[in-house]
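*Asks:* Residues per chain, in single letters:
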Amino acid sequence: MKRFLLAAMTAWCLAASSAGAREAAALAEDPVVEQRLIRISEDIRCLVCQNESLAGSRADLANDLRREIRKLIREGKSDAEITAFLVSRYGDFVLYRPPVKPLTWVLWFGPFLLMLGGVVFLMSSLRRRQRTHAASVAPVLSDDERRRAEALLDATEPRS
Amino acid sequence: MKKRFLWPLALFIVLVGFLAAGLKRDPSLVPSPLIGKPAPAFDLPRLSGDARFSPKDMSGQVWIFNVWASWCVACREEHPVLVALAREKIVPIVGLNYKDQPADANLWLQRHGDPYGLSALDADGRVGIDYGVYGVPETYVIDKAGVIRFKNIGPVTREVLDEQIRPLLKELQR
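Going down the list, the protein sequences come from chains A and B. 770 is the number of the first residue of the first sequence in this note's numbering; add one for each residue after it. 163 is the number of the first residue of the second sequence in this note's numbering; add one for each residue after it.
Calculated directly from the structure, the hints in this document are not laboratory data. There may be inaccurate statements among the hints.
[Unchecked claim] Sample of chain A residues with no beta-carbon within 10 angstroms of chain B, all distances over it, derived:
| # | residue |
| --- | --- |
| 1 | Arg858 |
| 2 | Arg898 |
| 3 | Thr901 |
| 4 | Asp923 |
[Claimed, not checked] What follows is a list of derived Cβ distance ranges for each label pair:
| # | chain 1 | residue 1 | chain 2 | residue 2 | range |
| --- | --- | --- | --- | --- | --- |
| 5 | A | Lys846 | B | Pro254 | 32 to 40 angstroms |
| 6 | B | Lys251 | A | Phe881 | 56 to 64 angstroms |
| 7 | B | Pro329 | A | Leu876 | 31 to 39 angstroms |
Heads up, the beta-carbon is just placed ideally off N, CA and C, and yes, glycines get one too.
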């Protein structure tokens, strides 16, 4: 009985591993195509699960789109052409790196503008503080006032 | 001088405004780049009969193109609206049966009513990709010249029909 079980398990393992190997072979049918597919689709948003890339999504539509991309790769289309194919159907939204155009200027340059504004604000407030600080530590005496002050100090000195 | 202390508050209010507006928007609705572009051509078999269907067949008339499937739950929600619209006979409704089994599709139409003059069979979803379909149901309004003028993602509600589709149909059919 034990021997039979062992044999059955071995057979099952072998069958399972060979099935796995077949599946892997099918996926790597053309490793060059698959590699390009992954590189392109990693930068494409899956529209069904929007926080997943097309490369990582298991959604039905993602499968279909990967199939289309594979077909386009085999037809010899360039990466730019394939991206354009997807953008013309689903819009710029599918790109994780949106193109620089007037509509996206705020998106691309807004953070730098905000930083510039912050730096300007910081500089001006630092300068203002420095000015008020300087004014408070160094009260300006005219020569006349200084002489009177010295005279007063001299006059009081012997008594102390 | 006192006004300076109101600046953070003002910025905060602006931020809250943006966030509140963002909360009300549905991020799953992606504007279609196809609006204003000619409806992509295709040639597909019909759900019933041996004839085929191509968008060219509809040139010269305004028509509604509705992507549906028997497996699609939200389609059931919009279906009564489409059936009622079809009864008015003001606009032809063509269906695109998307990634479905013809037998299931026919059964579904028998059960829920058939608002479609005809349905084209997009078994592998290839035409759906050309139309930028990513969530069934989706509905397009196509004008006499074959240009897509409107797209609705998700179920067509009575509000969408009355406030957006009807006025557009009236304008396009003039």
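*Asks:* Confirm or reject the claim that Lys846(A) and Pro254(B) have a C-beta distance inside 32 to 40 angstroms.
*Replies:* Distance hint for Lys846(A), Pro254(B) holds at roughly 36 angstroms.
*Asks:* Confirm or reject the statement that Thr901(A) sits farther than 10 angstroms, beta carbon to beta carbon, from all of chain B.
*Replies:* Given that every Cβ of chain B is farther than 10 angstroms from that of Thr901(A), nearest at about 12 angstroms, it holds.
*Asks:* Would you assess whether Arg858(A), listed as outside the interface, keeps its beta-carbon beyond 10 angstroms of every beta-carbon in chain B?
*Replies:* At roughly 4 angstroms from the nearest Cβ of chain B, Arg858(A) sits no farther out than 10 angstroms, so the non-interface label is violated.
*Asks:* Taking C-beta pairs only, is Arg898(A) more than 10 angstroms away from all of chain B?
*Replies:* Answer for Arg898(A): holds, closest chain B Cβ roughly 13 angstroms.
*Asks:* Lying within 56 to 64 angstroms: is that true of the beta-carbon distance Lys251(B) to Phe881(A)?
*Replies:* holds, 57 angstroms
*Asks:* So the hint says 31 to 39 angstroms: do the beta-carbon atoms of Pro329(B) and Leu876(A) match that?
*Replies:* holds, 33 angstroms
*Asks:* Just want to verify: Asp923(A) was marked as not at the interface with chain B; is every Cβ pair farther apart than 10 angstroms?
*Replies:* holds, 42 angstroms
Of the numbered hints listed earlier, the single one contradicted by the structure is hint 1.
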